[in-house]
Structure formats: C-alpha cells, structure tokens
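Taken in sequence, the protein lines are chains A and B. Each number in our numbering corresponds to the 1-based position in the first sequence with 1 added. Each number in our numbering corresponds to the 1-based position in the second sequence with 166 added.
Think of the hints as simulated: they come from the structure by calculation, not from any bench. One thing to keep in mind: the hints can contain errors.
Stated by the list, open to error - Dumping the calculated DSSO-like pairs for lysine-lysine here, alpha-carbon to alpha-carbon at most 27 Å:
#1 B:K364 x A:K20
#2 A:K91 x A:K169
#3 A:K91 x B:K494
Treat the numbers as computed from the prediction; the structure is a model and nothing was measured.
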Amino acid sequence: MSVLDIAKGMGVTLGHLFKKPVTVLYPEEKVDIKPRFRGRHHLLKHPDSDLEKCIGCSLCAAACPAYAIYVEAEENDPNDPTSAGERYAKIYEINMLRCIFCGLCEEACPTGAIVLGHEFELADFRYQDFIYGKDELMVGVKGSKWQRREAAKKNKEVNIGVKSVPRKELEGVNYD
Amino acid sequence: MSKTITKNNKKETISNKSEFKTKLMRINMGPQHPSTHGVLRLVVDLEGEVVAAVKPQIGYLHTGFEKTMENRSYMQNVTYPNRMDYTASFSHDLAYVLSAEKLMDAVVPIRAQRVRVLLTELNRIASHLIYFATGLLDMGALTLYFYTMREREDILDLFEMIAGARMNYGYFRIGGLAYDVPEGFEEKLRAFISKFPKMMQQYADLFAKNDIFLARSKGIGVLSQEIALDYAMTGPSLRATGVGLDFRKAAPYSGYEDYDFNVPTATAGDVYSRFMVRFEEMGESLKIVEQALNRLEPGPIKDPSRHISLPPRDELASSMEAVIFHFKLVTEGFHPAKAESYVATESARGELGYFLVSDGGSMPYRVKVRVPSLINLQALESACKGGLFADLVMTLASFDPILGDIDK
Ligand code: SF4
Ligand code: SF4
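For reference, chain A alone in the conformation it holds in the complex (with noise of 0.2 Å):
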C-alpha cells in the first residue's frame, strides 16, 4: 500500500477543481457545429430565377441505402416552370425516421437540388410529422416541423440555436 500513489490520483482530481468545466448545458448551450455536419436536408433553389433545382429524376431515391426519398415528377408547365428542367418534383418526401443521414442523396443529386443541413433537433410525437414533404425541405424554412408548431403557437420566431444552413461540401457544385 502506497500513500503516495493514491496521493498522485489525488493530485491530478485537485488539479482539475480550478479547471474550466468542459461540459456544455445542452439545450441551453449548444455544441458548436462543424461546417461538414451531417443533419436535415434542404431542398435547393436558382438563387436568380427562384427556380427548384430538383428536376425529378429520383437518383436520390436510388441512392438511398435506407429507402428514406420518395419522388414524383412531373412535366413542368412551359409558361409557369416550377423547376430549371424540363420536369419537376411534383411529391418529394424524406421519412426522417429512415433516413441515417448518410449523405450518398447529395452526392447522387446531378443537379445539386438535395443537401443535407445542420438542423438536428428533429423529435416530434406521432409517425406522420416524421415525414417532410417539399414545403418542409425547401431552403429557407427553418426548424422542424415541432418547433415551427411551437413557435406558430407562441406567435414567435423559430428559434433553433444553430445556423439553418446548407452544408457546402461536395467539390464543384455550386449551392448559390
């Protein structure tokens, strides 16, 4: 039996007492996001013409290892274009509760319409608000479907903690 080992642990606990906690109180205080985050879609726009970028072409759906995308085009009306292609995403809808947030979506996109955000906080009650339709991805909305219920009650902002953003990873594609 050695005092002075057990004097040594002790040591290194008393060192810390004057040490800043590194804990973070979650949810008050948020964890800081870093910019390759993997968390909700949005749906993207041409910043200029207010054109959908998805065209329809269900390569997400494809890609997807957890079936999570469901897609369905339709030809767009050449006086009223909804998308920048001939044919838009007349349904497109990601079950939240599938999806594992891989991103292999994003990087099938040939358009580059689908990318993946930093929203995480995603926890609703019944089964059908898992499902985000094109009004819930489309870039610009802000939190999830819960929280939007929230603050529609309160009268107030949606208020989320991180930055609603697309994440710009993949080279070469151009999210402005």
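Given chain A's structure and the hints, the job is docking chain B with the ligands onto it.
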C-alpha cells in the same frame, strides 16, 4: 467441499462447512444490466460467491446487418459497417472497403491510404478511451471516466470535422475517400497529438498504481495462452497472454508496413495485462497518427476509374459521358467479377474482416463478417470459472465486448 480461488496472486481456499452448504444457484445477469456493456445476458451458475459456469446469451441486439448488406449495392453498403462496432467505426469501414476493393481491383491513392490509417488509429485511441472509462467504472472508479471522455470528445470533434458525423462516419468510399481533409484539420490534430501524452500520464497517475485497481485486476480472470489460442482469440486480449499477433504487422494492409510502431504484449493473461496492453497501444497508435500526418502529401483521394468512383461534380454540367457514368453508378452500382474476397484487419478488438462473395451482380451474394468481440467472448467462461462473482464483471469488461459487434 472446498474451492480454491486465485486472488491477488495468492491462492485462497474457501471451504463450505456443513452449516454453510450452498446449492448451485442460477443467476441472470443482464440483458438490461449496465455492467454487461450492452444487451448481453450472462447466465451464471453460482456456488455461493464462486462462479461455477457462465453462459453468455447473445442476440438481443441482432440487427441483420449481413442480410441487409446483401440487399444493397456495394456503394450503398459503405454506410452500414460503421454501425456495427459503434466505438471503433472506422475499423469496420476500413475492413469493408478493403475487401470490396480487392473484389474490384481498385487502386487506392496514397493520400487516401494515409488518411484512412490516420483515422483508424485515432479511432482505436477513442475506442480504448471508452474501454478505460467503462472498464474502470465497473470497478467504482468514476473519476477516470470523465477525463477519458474529455479526450474522446476532442477526437470526435476531429471526426466531425473530417467526416461530418460524430459516430457512424461512412466517410470511406470504395477506391478512396468521400471528400478531402478540410482546412484547419491538421492544426487541430497536431494540438491533440502534443497534448495527449500528458493526458495519458494523468490516466496513469490515476489508476495504474492505485491499490484498489491492482487488487481487483492482478491475478484476476487469468486466461492461459493455450486457451486463448484454442478459442481463436485475437487482438489485445490475445496479446495480453504473450502472443504478439497483430495483423498490422503480420499481414500489412493500407500501407501499414511503412509505419514504425511496436506491438505491446504482456504475459500474465489477467485483467491487469489486458488493461495495460491497451494502455500502451494508445501510445503506439498516437505514433502512427503522427507519422501518417507527417507523410500526408497533396494528391488525389479517389480511384480515377469511372467504373468505381463517381465522376467529379464539375464534369456533370459539361460532359454527357460523365452524366451517363454517374447515372449508371448511382442506380445500379458496379459489377465485380465472380469471386470471393477477405482482408484481415486489426480493429481495436482483434481480427476483423469482411468475407464478400460476388456472383457478378451489383450486390454482394453473401456477406460474412468476422467480428473479434464475438469470438473473444467465448473464452469468458474459461477466464471466470472458479473466480468470485464480483470479478466476473471486471473480467467481462477487460475483454472489451461491443454488442453491436457481437450480434450484428
Ligand atoms: S441522407 Fe442517406 S438515408 Fe438520408 S435520405 Fe439521404 S441517402 Fe437516404
Ligand atoms: S433531389 Fe436531385 S436526385 Fe433527387 S429527384 Fe431531385 S434532382 Fe433528382
């Protein structure tokens, strides 16, 4: 009837006098028990305090990964392996892509190989940090838990920077990496490398010579070299019995032959040796990380073949051919020749390899994962029999089982 148990390197005899006659008692430990490190159920036969038999019951975390992988293309499958062993995900990722690359004869650029080694070794450190955190927690040592978790947090931050997730990375691709190392990663990693040896010294001060730790680990859960080899054990648990088998040295992959590192071994085969072998391994892994970082040179990160890697994004707008390859790869994937492949790698727990059988289609015909946790767990009974019940918890912890790895 009397029983001889080994404790503190001394043989003690527990005699059951007639008034204390005990019946064999069967106790279920788990599956919902924190000390079984996951949903593992141990059926323990006890003679008083002495363990007469231990039967691990597995399957509570069965996820069907192998079957799932047989129904996904090779490219989609990069997202699954990391979910099996959730503490050393990069090891699984690496084992899978190496095996798939062997099927496809892919050429992995040198930069990608270095990054892979770097990340896998960092992950080995993170995994061993959890091992010390939870292993010593079973002994009642809560303090170390917070310190090791603090350094693990630094490593996870690095992983989030490079791969975009704190766990379940899915960052390796067949033929290379998903994207290149981000800016600022190298400085952060260098800061970690210079800080970590000091932290290791702190851990050592806390537990390595602590009397309680020594009393609870020395001479406890002894496994002889013979039994370890008979059960085909691998990894640190085998090296703690004196066999220096390490696949990074025995059958180098991903450029491990270029690195200068030692394989720590011990001879006693008890809980203490298993802890110390892993402790020294963290230092060796740090050496490899530093070497890999120093040798990181700019270059391509993917196999240039259009049959394996997706074409560069900027070509999609200009080249019809690139678009065709892109569509073909995403919808169907590639078709390896009819063959089988297996690459043995050294994960944080032992030999890990993916046995892939290709029938020429775009999905593997059969996937079999040789996981180290499952095979090492078989030796648990030999190590615990005749010891005290309280030592069973320590012995199990020292084997470092991960239930996702066992049940897959
Ligand atoms: S992130 Fe992965 S799992 Fe989620 S929708 Fe995209 S491809 Fe599917
Ligand atoms: S998001 Fe991209 S891949 Fe998916 S349907 Fe739209 S254009 Fe195609």
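Do the hints match the structure? See the list:
1. B:K364 x A:K20: OK: B:K364 and A:K20 at ~16 Å, within 27 Å.
2. A:K91 x A:K169: Holds: A:K91 and A:K169 sit about 26 Å apart, inside 27 Å.
3. A:K91 x B:K494: holds, 24 Å
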